[in-house]
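Put together the whole structure using the sequences plus the hints.
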Amino acid sequence: MGIGIVVTSGKGGVGKTTTSANIGTALALHGQKVCLVDTDIGLRNLDVVMGLENRIIYDLVDVTEGVCRLQQALIKDKRFETLSLLPAAQTKDKTAVSPEQIEEIVTQLKREFDYVIIDCPAGIEQGFRNAVAGADQAIVVTTPEKAAVRDADRIIGLLEREKVGMPKLVINRVRPHMVKNGDMLDVEDILDLLAIDLVGVVPDDEYVIKSANLGEPAVMSHDSRASLAYRNIARRLLGEAVPLQPLEEKAGMFSKVRKFFGFK
Amino acid sequence: MKTVKNKITIKGTKDGLVFFMDDTCSFDELVADLREKIEHSHQQILSGPLIRVSLKLGKRYCTPEQQQQLTEIIRQRGNLVIHMIDADVISKEEAFAERLKSSFLLKTQTVRSGQVLEFDGDILLLGDVNPGGTVKSTGSIFVLGNLRGIAHAGTNGDNQVIIAAASMLPTQLRIADIISRPGEEWAENSGATEFAYVEDGNMKVAKMNFLHRVRPELGESKA
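So the sequence lines, in the order shown, correspond to chains P and G.
Once you know that position 13 of the first sequence is 13 in the numbering used here, the rest is easy, because the numbers rise by one and skip nothing.
Once you know that position 173 of the second sequence is 1173 in the numbering used here, the rest is easy, because the numbers rise by one and skip nothing.
Just so you know, the hints here were simulated from the structure itself, not pulled from any lab data.
Be aware that a few hints might be false.
[To be verified] Heads up, simulated SDA-like pairs for lysine to any residue below, C-alpha to C-alpha not over 20 Å straight-line: (1) K1207/G to G1183/G; (2) K1136/G to R154/P; (3) K146/P to P1131/G; (4) K1107/G to R161/P; (5) K146/P to T1134/G; (6) K146/P to P1182/G; (7) K146/P to L1169/G; (8) K1107/G to M166/P; (9) K146/P to T1171/G; (10) K1107/G to I196/P; (11) K146/P to I1150/G; (12) K146/P to Q1172/G; (13) K1056/G to S1026/G; (14) K11/P to G1132/G; (15) K1136/G to Q1160/G; (16) K33/P to D136/P; (17) K1011/G to S1054/G; (18) K1204/G to A1192/G; (19) K1059/G to D1022/G; (20) K146/P to R1181/G; (21) K11/P to G1114/G; (22) K1107/G to E160/P; (23) K1107/G to A195/P; (24) K11/P to P1131/G; (25) K1107/G to L158/P; (26) K163/P to Q1109/G; (27) K146/P to G1132/G.
See the structure below:
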């Protein structure tokens, strides 16, 4: 029996879908059988970020309506043998499915997969209740902005009432130099307020945007800092004790000289 | 009229009729007299337009069944409407429930954004109140943690209550109907345990060791 993990945030645009895609891919790179489930019905994105949009035939709503079997709707990612995606419908909206239906689907998927990563839509309405229904654990994504932290706090309060237990926190898009100057909330401030376990800090990295546009999750890269952060999150979820990486890259002598001469 | 057996005195007020019930006789005697008055002796007064009736039971304790019995007798007259039944005594259970209602609530949780912790009495919270979270009480509020959200003490208008916090960093403080934000009437957090109180219609915040001077009665009322 696998584990259902919902990735949620309350606020939109903090990186739920990117985090789902990257954590899922990173777990698959570790040899785990992973299924990504997009519950953002009507505004599906996860398939785009994963680069699997053109392979969708059936979707989540087709499964709940009995148009197809669950197995038929799953898209196998060709790059990773153990990774699958259950896409959301684009033509319906959140009310097209009920929490009970999602719970049933996730329960079925957990029999086959080690990890079922559920990408939650923004907001606290029906879509949120759907996404949370089948989850055993929750990952709350926030960015170091007051509004995002406030919404994360609200979501944690709502999650406490569900059966998901204490959620884990991912702080996304941290800009080290802004934190250093005191222009951005630092990790300590956020943890002090939210009072939940931290599972990873992801630095702001342009490569994440680029890779999402290419349809290749950032973790596939070897030299991006965000990639390393996502790999570490996956390892922590698997139970390894991985220390937090330093946020700022120490500039070595060689790179300083290169910079001086205008090479990157 | 048999004045000896008169257990019920009926008086007319501008709000309707008030039935004063003798509280030294037996309940059966009371019922008998009520029947007598309603069904026979007071026919003329007790007919006509709708009249509101209040029952004053004095120091007699009536069970809900007994109250029902009295109500039914009076209801025989279509024009009499029971407005309220009032007694000077309550049962032990009711008294105990009443006491519980106005006691302490001890709570261990983080009151997060969007959550409201509400209680009829004093609240002792062992945890934080986050921005967007609210704690409301009719009594005082004590927070052993960071108070970053809204605290509203004395919600039913009592301005003698206080709000105390180990770390006073609220978005807003309210005592009775007085609302205050940090940095207006009082300086921002000094790092020590502080409390807020109302004096001359203004909210003030002071260090905890000042409490016994402004609210000496606060500790005694709880003892």
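We went through each hint and held it up to the structure:
no.: 1; hint: K1207/G to G1183/G; verdict: 16 Å, holds
no.: 2; hint: K1136/G to R154/P; verdict: 18 Å, holds
no.: 3; hint: K146/P to P1131/G; verdict: 10 Å, holds
no.: 4; hint: K1107/G to R161/P; verdict: 16 Å, holds
no.: 5; hint: K146/P to T1134/G; verdict: 18 Å, holds
no.: 6; hint: K146/P to P1182/G; verdict: 18 Å, holds
no.: 7; hint: K146/P to L1169/G; verdict: 15 Å, holds
no.: 8; hint: K1107/G to M166/P; verdict: 18 Å, holds
no.: 9; hint: K146/P to T1171/G; verdict: 14 Å, holds
no.: 10; hint: K1107/G to I196/P; verdict: 19 Å, holds
no.: 11; hint: K146/P to I1150/G; verdict: 17 Å, holds
no.: 12; hint: K146/P to Q1172/G; verdict: 17 Å, holds
no.: 13; hint: K1056/G to S1026/G; verdict: 16 Å, holds
no.: 14; hint: K11/P to G1132/G; verdict: 15 Å, holds
no.: 15; hint: K1136/G to Q1160/G; verdict: 15 Å, holds
no.: 16; hint: K33/P to D136/P; verdict: 17 Å, holds
no.: 17; hint: K1011/G to S1054/G; verdict: 10 Å, holds
no.: 18; hint: K1204/G to A1192/G; verdict: 15 Å, holds
no.: 19; hint: K1059/G to D1022/G; verdict: 9 Å, holds
no.: 20; hint: K146/P to R1181/G; verdict: 19 Å, holds
no.: 21; hint: K11/P to G1114/G; verdict: 14 Å, holds
no.: 22; hint: K1107/G to E160/P; verdict: 16 Å, holds
no.: 23; hint: K1107/G to A195/P; verdict: 17 Å, holds
no.: 24; hint: K11/P to P1131/G; verdict: 16 Å, holds
no.: 25; hint: K1107/G to L158/P; verdict: 18 Å, holds
no.: 26; hint: K163/P to Q1109/G; verdict: 17 Å, holds
no.: 27; hint: K146/P to G1132/G; verdict: 12 Å, holds
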